[in-house]
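Asks: With the hints as extra help, turn the sequences into a complete structure.
Listed in order, the protein sequences are those of chains A and B. Per my numbering, the very first residue in the first sequence carries number 9; after that it's consecutive. Per my numbering, the very first residue in the second sequence carries number 164; after that it's consecutive.
The set of hints was computed from the structure by calculation and includes no laboratory data. Keep in mind that this is a model prediction, so the values were computed, not measured. All C-beta atoms in this analysis are idealised placements derived from N, C-alpha and C, irrespective of residue type, glycine included. Please note that a few of the clues may not be correct.
Claimed, not checked - Here's a subset of chain B near chain A, in silico, CB distances under 7 Å, partners left out:
{"#": "1", "residue": "VAL182"}
{"#": "2", "residue": "GLY184"}
{"#": "3", "residue": "GLU249"}
{"#": "4", "residue": "VAL348"}
{"#": "5", "residue": "LEU350"}
{"#": "6", "residue": "CYS595"}
{"#": "7", "residue": "VAL797"}
{"#": "8", "residue": "GLY801"}
{"#": "9", "residue": "GLY805"}
{"#": "10", "residue": "LEU808"}
{"#": "11", "residue": "THR832"}
{"#": "12", "residue": "THR838"}
{"#": "13", "residue": "SER839"}
{"#": "14", "residue": "LEU840"}
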Amino acid sequence: MKVTLKINGETLTLDVPPMMRLIDVLRDRLDRTATKEGCGEGECGTCTVLVDGEAMNACLIPIGQCEGRSIETAEGLSSAAEPTALDRAMVERGAVQCGFCTPGMVASVRGLLRRVEKPTEAEIREAIAGNICRCTGYKRIVEAVMAVTEPAEERR
Amino acid sequence: MAERVAGTAGWMGEAPARVDGPGKLCGATRYAADAKRDGVLHAAVVRSEVARGKLIGIELDPGFDWTGIVVVTASDIAKNVVAEVEEDLPIVASGEIRHMYEPVALLACEDPVRLERAKAHVRVEVEALPAVLTIEQALACEAVIYGTDNVMRRCGVEQGDAPSAIEASEVKVRGTYRVGHQEHVYLEPQVMVAWWDGDGVHVEGSLQCPYYVHHALVHALGEPNDRVQVRQAVTGGAFGGKEDYPSVIALQMALLSRKAGGRAVRIVFDRKEDIEATTKRHPARVELQSGCDRDGTLRALEAKVVLDAGAYHTLTPVVLSRAALHAAGAYRWEHVRVEACAVATNTPPNGAFRGFGAPQVLFAVERHLDAIARELGMDPLELRKKNLLGIESVTPSGQVLESSVGVRECVEVAEARSGYREKRGRLGVGNCVGSRTVRGIGASVVLHGAGFTGSGEERLKGVVAVDLLPGGRVRVRSSSTEMGQGTETVFRQIAAEGAGVPFDRIEVAVPVSGIVPDSGPTVASRTVMVVGELVRQAASDLGERVRREIEAGGGDFAAAGDRLLAREGAVECKRQFVPAPGAKFDDATYRGVAYGAYGWACNVVEVEVDLDTCEVKVVGLWTATDVGRVVHPVLCAGQVEGGTLQALGWALWEELLWKDGRIVNPRMTSYIVPTSLDAPPMVTELIEAPYERGPGGAKGVGELPMDGGAPAVAAAIEHATGLSFASIPITPERIYDALQKAGREARS
Numbered sequence: 009m010k011v012t013l014k015i016n017g018e019t020l021t022l023d024v025p026p027m028m029r030l031i032d033v034l035r036d037r038l039d040r041t042a043t044k045e046g047c048g049e050g051e052c053g054t055c056t057v058l059v060d061g062e063a064m065n066a067c068l069i070p071i072g073q074c075e076g077r078s079i080e081t082a083e084g085l086s087s088a089a090e091p092t093a094l095d096r097a098m099v100e101r102g103a104v105q106c107g108f109c110t111p112g113m114v115a116s117v118r119g120l121l122r123r124v125e126k127p128t129e130a131e132i133r134e135a136i137a138g139n140i141c142r143c144t145g146y147k148r149i150v151e152a153v154m155a156v157t158e159p160a161e162e163r164r
Numbered sequence: 164m165a166e167r168v169a170g171t172a173g174w175m176g177e178a179p180a181r182v183d184g185p186g187k188l189c190g191a192t193r194y195a196a197d198a199k200r201d202g203v204l205h206a207a208v209v210r211s212e213v214a215r216g217k218l219i220g221i222e223l224d225p226g227f228d229w230t231g232i233v234v235v236t237a238s239d240i241a242k243n244v245v246a247e248v249e250e251d252l253p254i255v256a257s258g259e260i261r262h263m264y265e266p267v268a269l270l271a272c273e274d275p276v277r278l279e280r281a282k283a284h285v286r287v288e289v290e291a292l293p294a295v296l297t298i299e300q301a302l303a304c305e306a307v308i309y310g311t312d313n314v315m316r317r318c319g320v321e322q323g324d325a326p327s328a329i330e331a332s333e334v335k336v337r338g339t340y341r342v343g344h345q346e347h348v349y350l351e352p353q354v355m356v357a358w359w360d361g362d363g364v365h366v367e368g369s370l371q372c373p374y375y376v377h378h379a380l381v382h383a384l385g386e387p388n389d390r391v392q393v394r395q396a397v398t399g400g401a402f403g404g405k406e407d408y409p410s411v412i413a414l415q416m417a418l419l420s421r422k423a424g425g426r427a428v429r430i431v432f433d434r435k436e437d438i439e440a441t442t443k444r445h446p447a448r449v450e451l452q453s454g455c456d457r458d459g460t461l462r463a464l465e466a467k468v469v470l471d472a473g474a475y476h477t478l479t480p481v482v483l484s485r486a487a488l489h490a491a492g493a494y495r496w497e498h499v500r501v502e503a504c505a506v507a508t509n510t511p512p513n514g515a516f517r518g519f520g521a522p523q524v525l526f527a528v529e530r531h532l533d534a535i536a537r538e539l540g541m542d543p544l545e546l547r548k549k550n551l552l553g554i555e556s557v558t559p560s561g562q563v564l565e566s567s568v569g570v571r572e573c574v575e576v577a578e579a580r581s582g583y584r585e586k587r588g589r590l591g592v593g594n595c596v597g598s599r600t601v602r603g604i605g606a607s608v609v610l611h612g613a614g615f616t617g618s619g620e621e622r623l624k625g626v627v628a629v630d631l632l633p634g635g636r637v638r639v640r641s642s643s644t645e646m647g648q649g650t651e652t653v654f655r656q657i658a659a660e661g662a663g664v665p666f667d668r669i670e671v672a673v674p675v676s677g678i679v680p681d682s683g684p685t686v687a688s689r690t691v692m693v694v695g696e697l698v699r700q701a702a703s704d705l706g707e708r709v710r711r712e713i714e715a716g717g718g719d720f721a722a723a724g725d726r727l728l729a730r731e732g733a734v735e736c737k738r739q740f741v742p743a744p745g746a747k748f749d750d751a752t753y754r755g756v757a758y759g760a761y762g763w764a765c766n767v768v769e770v771e772v773d774l775d776t777c778e779v780k781v782v783g784l785w786t787a788t789d790v791g792r793v794v795h796p797v798l799c800a801g802q803v804e805g806g807t808l809q810a811l812g813w814a815l816w817e818e819l820l821w822k823d824g825r826i827v828n829p830r831m832t833s834y835i836v837p838t839s840l841d842a843p844p845m846v847t848e849l850i851e852a853p854y855e856r857g858p859g860g861a862k863g864v865g866e867l868p869m870d871g872g873a874p875a876v877a878a879a880i881e882h883a884t885g886l887s888f889a890s891i892p893i894t895p896e897r898i899y900d901a902l903q904k905a906g907r908e909a910r911s
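Replies: Set out below in structure tokens:
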């Protein structure tokens, strides 16, 4: 079937089987490999992308449900050439180790920051609760987000 | 903790931004499964489905269309062995099935859908035999699957006369402690690709130790060294899980590719297969018996350690050595006897996992110290402080600790930062903080030998090369891999300081066999301390050569370097590991210098236990860790924090459940690792008691954080509830059962 959707702002029309997973469309059809597969069943969060601004697991979304939607991946949410304050904070403050969870983590954090300008620590932890990181202990991920948002209260 | 601002030079002690960060962040970095390969064949493994048996036959369903599907079974393999410590592990099973997930046939096909169908059409006939599935079953010898008594390996450490000294002691305590499997759950599952061309065989994958894989390929394929090339892809976490296992899939892919005429063949494990088929942390049973004085002076310890090796050796003999040498913990005992053995079971072979035998025995000895403190009516941390190893102390192997023992400072700092003493009095059994919640605080003190055990480093003789490049740039070549821990960044720092140039002048070569020298494997907390020191020495040699050129002909580093290059063609400085004078270890008697240096740590954990749901929430974690010298404050603390959370996971949630040799919960839905909501606030203190043979004084830090978390959690739960757990994980179900039992006992 033909599906028209936006990926990182670019409108694309794809001819794809409707049940093909969004993660496979991104990785195999479009060669956008920022989105990783860590478990394939929505538990690890490495494939998190923004769908119309909301963080979702790309391994659980059939492409047939993406008609007219806007998909954002780490390729569009972060930049090595022109890093944002969040990008810099994540690298400098130790939020990145092996990096396999990182693109999904970025998507969840960006999704949060669209909804809440200055999230509390609890809100940050809640927002990334679906993104497993086995390397960092999460502390430095949370701190990197807080460093660029300067939450008004509940700062530990 | 205030972080030091990155300086312009980025030398040791500063915090330059990690070099692989930006690419990983925006997804530009390609991991092994991300690389586009046209015409690549996808691979799959058909596994036994029986825990123990005789392989009668393998039949390809004649009703299925096998066109375009490559099949490899044991009959295709001339030398069917994955060379590790021993040579018992087959690439594909032949004759005997020793565990549930043993590979019996390998398939490859361009179309992944047909590949999946084909798997179902391989008929494997196995005659099942009674299986040995636990340590107890192995020791009972109801079925004998290895040697005459199921014992794969034994070792022991002895100092003084522990049995007599315990007999003569004023206070005697005994206990049995158990820990289970732990799965690595690196976020990137195993990936490997192999192909053949005129130059031989090439493999590329997510791996820790390129030369382990290289050795296994050369050994089994009968190709000369230079016709086997192993390249490390960007690796998404490993924790030991990509130390030995990649050799297995590298060989499997190489064999499939050879049969496919050299076409590239790639395997990407899904999470279920990764949890089922790959190595895990060894389960252990540790029986301890000790004697001490009434005043808390520890006298003697006797330890009987049993590890569950699983079906094959993999790295078990080395894990067992480390377990035996850490079994007495961070304390002075005049008399120690450790008897350690590893038994064979019909479960997937266990292998390397961060800590490598130490977390198992340190859980036991730390819980045992808590039991002694209870017996004496003493504060558990006071008991520890009274008996800590120090400078001039002698370890159970007879090693005299000459320097770099920061353990007392670790304890003092963690105690002060956590408010341990005040909380120990205010919190605890009976002191509800909510209507039905109690809090408790507990501590552990641990050590971890950095570098290979015993004569290991002397045998490895690791080599590092540093090259001068045009424009005053410098390249480090080593086989130490980046897997998230920060090798690429800290090696740049060390080389920059060694050569006397800024951080951004340094490059680190991708680990490819034949291009980088063999610096040994990226394991055993040895990368910074052992290989990093070789980096420093080689870079320093190189810097010295350029400086001599500057003195002779003027110019800056770049100009003088370019003159040198123009004259000599290539400028390379190499350094090889040289053992410390007099540092000998006897592998037969386990006497001598077991490790060049030890890292030390004190962990304090505060928990809140809900007496209705029996859930445990870790509400505070304070660690003080002696790393010798902090090379990079952010990355170093990151090792401590991430490793400690893995330890908390092992203590509270992570449990592999087994039924008839099969894993019941091989998914992230049911094997529970900590999330951001489970992770406590952490205070991380880094202590520096320098080790003179590490770069700038640095020791290993990679594994130490895995050692102290579990016993500290158990101690905190004991303080909160009065329940003393001698095994982990301490799940809500186990707390519930223990509370019920305690209630019944109180009523009767």
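Asks: Now look at each hint and say whether the structure bears it out.
Replies: Each hint, compared with the structure:
1. VAL182: violated, 9 Å
2. GLY184: Since the shortest Cβ distance to chain A is 3 Å, the answer is holds.
3. GLU249: violated, 30 Å
4. VAL348: holds, 5 Å
5. LEU350: Holds: closest Cβ of chain A sits about 4 Å from B:LEU350, inside 7 Å.
6. CYS595: violated, 24 Å
7. VAL797: holds, 4 Å
8. GLY801: holds, 4 Å
9. GLY805: holds, 5 Å
10. LEU808: holds, 4 Å
11. THR832: holds, 5 Å
12. THR838: holds, 5 Å
13. SER839: holds, 4 Å
14. LEU840: holds, 5 Å
In this structure, the hints that do not hold are numbers 1, 3 and 6, in rising order.
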